[in-house]
Amino acid sequence: MTNRYAVGALMGALMLVVTGCPSEECIDQFDCNNSQGSPGTGKTWACVENRCVARDVNTEPPPTGDAGTNPTPDAGTETDAGTPGEMTIDEGGDCATTASCMAGLYCNPADSKCAPLHIAVTVGPTTGSTPTYAVVVPYNKTVSATRLSEDAATTNKFPRWNQDGSAVAFVDIDTNNNVSLVSRALPLETSQLNTLVTGAAANTKDFSYMEWAPSNTIAWSRTFLDPTTNRDSTTGIWAYTPPDGPAAVVTSSGVFPSWASDGASFVYSANGLGLQNRVLTDASSGSVPGPTNTTAEQPLHNKTNGVLLYLDAKGNVEAGLGDQPLTSLYTVNTTPTAPSVPTENEIALARDEGAPSATGQLKSYIANHTWAPAGTHVAYVRVFYFQPLVGDPYLCSGSNCGGQQGNVVYVRRIDPATGTPSGDELKFADEATLPSFSPDGQFLAYVSGAQLKVQKIDPNATTAETIKVAGAFSSHDWSAENRRVLSNRGDDHRPRWQPR
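Last residue of the sequence shown? That's 1130 in the numbering used here, and every number before it is there in order.
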């Protein structure tokens, strides 16, 4: 089996082999839907030799790749840094603590004034596939993004913040294809790039599924050439604690590490084992209490409590989409006050969408889940596809499914004490993916049309019509600079908010 990084390729985290090619325009049709938009009336996208090609609907078989994303532990889930009632100082105002700054702002220690939080993403050229750059931008300023690397000749990607938002780590690849994990402090100044560990020292070809905040330690999944298949495989979690390390293996298998609020333990998923928990100082891992099935995957810690958010297909697949796991979204409460045998809560299920039509059935499954910081909401992508009465299923892209877009972001309220859902799921954005809550829980960033979008939300809203705060939306479009926000590596490319 092949686990491929893509916003359009939700292979389970439990699968081990990946292609891991950063220069691909697409892995499958869903990547093309996200990056290219609608292919036009009567057309659908196909990914041919890693390039997007528009074809007539149903005249060519759909790609056999997957149709979701590879969600991993998500940033933008840091511990809440103040309630709305405390946030009274506007941008540019004098401040003593971040909790006093209004939503979306932090108290900049350089001048003790409230300043906008930054968002870090990976961008690439609008035409072509390399080089890629790790960049940061103030969430509310429609300005050019700032590159983190000082060397224009290098390729870099996957920016991750430290726990107080004062530094960013990212992957750097030099002109000889040597991979390193590096960091840079904020505010950005010249000659401050710091090499943390090389790929050679960490025994890895890449730093996949990397996570830093809220821990002092950076964790990632190792990528290596599997001699049996002669393809890149990603499994096993390593860790490095700046400034001196060294890089060390923590688990021999598994992917998608997600730090607990203590920064000393993480959850992850492993092939054949399901959800696992590991304390850094322990010699072995243990199973997460609650879900006993081995197909649960991609767990995310809530940084405020012990409720976990994860995907599970429970063995259900769509054969016509390359045995795509039909994943649903669940929570389980693992706090000390939880029942001795915690039960999982159904948050968003894979399902048939309404009654069948004369030509077939519209269906969906869940991908790209993420927590709000205080455990009060989750956001996720519902992936829509169509199963015709005759022929293979295909991913929706608007015109080929009667106007239904393929990837739609939804938000749902959660009871933070139990992890149970509250109210209905609220449709948030069409043609969107990789949602990411701000650390104060007041904004939701996402990628749409290869652009970074940021929308202020009303956390108390109970309808799709009221959850978006009017007049508080930013769109970061860098196409005039030959840059687009990447999403073809799934959660590796999720927008990452600077912690408050």
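Keep in mind that the hints were calculated from the coordinates and are not lab data.
For every residue, glycine included, the Cβ atom is placed at its ideal position computed from N, Cα and C.
Don't take each hint at face value.
As the list claims (entries may be wrong) - Derived DSS-like pairs: lysine-lysine, alpha-carbon spacing no greater than 30 Å straight-line:
| hint | residue 1 | residue 2 |
| --- | --- | --- |
| 1 | K1057 | K993 |
| 2 | K743 | K1086 |
| 3 | K1098 | K993 |
| 4 | K944 | K1057 |
| 5 | K771 | K1057 |
| 6 | K771 | K743 |
| 7 | K835 | K771 |
| 8 | K1086 | K1098 |
| 9 | K1057 | K1086 |
| 10 | K1098 | K771 |
As the list claims (entries may be wrong) - Derived DEER-like restraints, expressed as beta-carbon distance ranges:
| hint | residue 1 | residue 2 | range |
| --- | --- | --- | --- |
| 11 | G916 | T1096 | 39 to 45 Å |
| 12 | N946 | S742 | 32 to 38 Å |
| 13 | E819 | G1021 | 31 to 37 Å |
| 14 | D856 | V971 | 34 to 40 Å |
| 15 | G1021 | L903 | 34 to 40 Å |
| 16 | D856 | Q1081 | 20 to 26 Å |
| 17 | A782 | A1102 | 33 to 39 Å |
| 18 | T973 | A1102 | 43 to 49 Å |
| 19 | E780 | D720 | 40 to 46 Å |
| 20 | A985 | D953 | 25 to 31 Å |
| 21 | V971 | S774 | 52 to 58 Å |
| 22 | D724 | K771 | 17 to 23 Å |
| 23 | N946 | T805 | 21 to 27 Å |
Holds or violated: the 34 to 40 Å window for the beta-carbon distance between G1021 and L903? holds (37 Å)
Agreement of K771 and K743 with the hint, judged by alpha carbon distance not exceeding 30 Å: Cα-Cα ~17 Å, so holds.
Could you grab the alpha-carbon distance between K1057 and K1086 and see if it respects the 30 Å cut-off? Between K1057 and K1086 the Cα gap is close to 15 Å, so the pair holds against 30 Å.
Hint consistency between K944 and K1057 [alpha-carbon to alpha-carbon, up to 30 Å]: Given pair K944, K1057 holds - Cα atoms ~25 Å apart, limit 30 Å.
Is 39 to 45 Å right for how far apart the beta carbons of G916 and T1096 are? Because 43 Å falls inside the window, the suggested range holds.
Distance restraint evaluation - N946, T805, Cβ atoms, bounds 21 to 27 Å: violated (46 Å)
43 to 49 Å was suggested as the range; check whether the CB atoms of T973 and A1102 agree with it. Violated, since T973 and A1102 (Cβ atoms, about 38 Å apart) do not stay within the stated range.
So if I understand the rule, the pair passes when the alpha-carbon distance is 30 Å or less; does K771 with K1057 pass? Between K771 and K1057 the Cα gap is close to 26 Å, so the pair holds against 30 Å.
Given the hint of 34 to 40 Å, check if D856 and V971 actually sit that far apart at their C-beta atoms. holds (37 Å)
Is the Cα-Cα distance between K835 and K771 30 Å or less? violated (35 Å)
Go ahead and decide if the range 17 to 23 Å is satisfied by the Cβ distance of D724 to K771. holds (21 Å)
Given the hint of 31 to 37 Å, check if E819 and G1021 actually sit that far apart at their C-beta atoms. violated (58 Å)
In terms of the numbered hints stated before, the structure departs from hints 7, 12, 13, 16, 18, 19 and 23, listed from lowest to highest.
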